[in-house]
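**Student:** Listed below are the residues making up each chain.
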Amino acid sequence: DVKVTQSSRYLVKRTGEKVFLECVQDMDHENMFWYRQDPGLGLRLIYFSYDVKMKEKGDIPEGYSVSREKKERFSLILESASTNQTSMYLCASSLTGTSMNTEAFFGQGTRLTVV
Amino acid sequence: RKEVEQDPGPFNVPEGATVAFNCTYSNSASQSFFWYRQDCRKEPKLLMSVYSSGNEDGRFTAQLNRASQYISLLIRDSKLSDSATYLCVVNRAGNMLTFGGGTRLMVKP
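Just so you know, the sequences run in chain order A and B. In terms of the numbering used here, the first sequence opens at residue 16 and continues consecutively. In terms of the numbering used here, the second sequence opens at residue 10 and continues consecutively.
Just so you know, the hints here were simulated from the structure itself, not pulled from any lab data. Warning: the hint list may mix true and false statements.
[Unchecked claim] Within a straight-line C-alpha distance of at most 16 Å, the following computed EDC-like cross-link-like pairs (lysine to aspartate or glutamate) qualify: (1) A:Lys18 with B:Asp91; (2) B:Lys51 with A:Glu45; (3) A:Lys70 with A:Asp53; (4) A:Lys86 with A:Asp66; (5) B:Lys54 with A:Glu118; (6) B:Lys11 with A:Asp74; (7) A:Lys86 with A:Asp43; (8) B:Lys11 with A:Asp53; (9) A:Lys28 with A:Glu84; (10) A:Lys85 with A:Glu45; (11) A:Lys33 with A:Asp74; (12) A:Lys85 with A:Asp74; (13) A:Lys68 with A:Glu84; (14) B:Lys54 with B:Asp91; (15) B:Lys117 with B:Asp91.
Generate coordinates for the entire structure from the input sequences, incorporating the hints supplied.
**Tutor:** Quick look at the structure:
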């Protein structure tokens, strides 16, 4: 069974802390994504990685960085957490290939609260 | 303007009704299209891909109009269990998936 696992379901962090969100997939997918989901704004892409050590900025990369040292793991880093980064964070992975097999599989989400 | 736009709803329909959602996208180079379903407090899951010629999966029919840059989802004979948020998803070049804001459907007894 396909699996994308995020390290935490709920996190509470203080303003200014460095925060790591971890995501692991067991499907040997090339692509991995980090999104945040906020009411009224939908899912917005933060960063995308199409291979180990490769990354591309999404629509809202400011205040975030990512790391992909191994194919199965994609980490999202909040360098200095701020209250406006309180959100639901969703990791996803997909194959690279023809258009119709690029289904993205999601982790269960991490609800981060920055106080 | 958002790259993928949907009416947020909610659409409140009785059981057995037919309901349709539309989605528009702005990037004419978009390569593939999907509908995802997201239940409350759950992660999104693929409902169906959208093929150029249109496709059907049981009570669900998806259509793509490239000229007008919109995608539609039709649900026939709505069930209570269809209540969810439906996300329109567009694959830009390079496998980067862009999501619409979602359309909320509530099916009432």
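**Student:** The structure should be examined with respect to each hint, and the outcome stated for every one.
**Tutor:** Status of the hints after comparison with the structure:
The hinted pair formed by lysine 18 of chain A and aspartate 91 of chain B fails the criterion: a straight-line CA distance of about 24 Å is larger than 16 Å. With a C-alpha separation of about 24 Å, the suggested pair lysine 51 of chain B and glutamate 45 of chain A falls outside the 16 Å cut-off, and the hint is violated. Taking the CA atoms of lysine 70 of chain A and aspartate 53 of chain A, the gap is near 23 Å; set against the 16 Å cutoff, the hint is violated. With a CA separation close to 7 Å, the supplied pair lysine 86 of chain A and aspartate 66 of chain A stays within the 16 Å bound.
The hinted pair formed by lysine 54 of chain B and glutamate 118 of chain A meets the criterion: a straight-line CA distance of about 9 Å does not exceed 16 Å. With a C-alpha separation of about 11 Å, the suggested pairing of lysine 11 of chain B with aspartate 74 of chain A holds against the 16 Å cut-off. With a C-alpha separation of about 7 Å, the suggested pairing of lysine 86 of chain A with aspartate 43 of chain A holds against the 16 Å cut-off. Between lysine 11 of chain B and aspartate 53 of chain A the alpha-carbon distance is near 15 Å, which keeps this suggested pair within the 16 Å criterion.
Taking the CA atoms of lysine 28 of chain A and glutamate 84 of chain A, the gap is near 25 Å; set against the 16 Å cutoff, the hint is violated. Taking the CA atoms of lysine 85 of chain A and glutamate 45 of chain A, the gap is near 10 Å; set against the 16 Å cutoff, the hint holds. Between the alpha carbons of lysine 33 of chain A and aspartate 74 of chain A the distance comes to roughly 21 Å, so the proposed pair goes past 16 Å and is violated. For the suggested pair lysine 85 of chain A and aspartate 74 of chain A, the alpha carbons sit about 24 Å apart, so the restraint of at most 16 Å is broken.
For the hint pairing lysine 68 of chain A with glutamate 84 of chain A, the CA-to-CA distance comes to about 6 Å; that is within 16 Å, so the pair holds. Distance hint between lysine 54 of chain B and aspartate 91 of chain B is fulfilled; the C-alpha atoms sit about 13 Å from each other, no more than 16 Å. For the proposed pair lysine 117 of chain B and aspartate 91 of chain B, the alpha carbon gap of about 10 Å is at most 16 Å, so the pair holds.
Violated hints, in rising order: 1, 2, 3, 9, 11, 12; the structure is consistent with all others.
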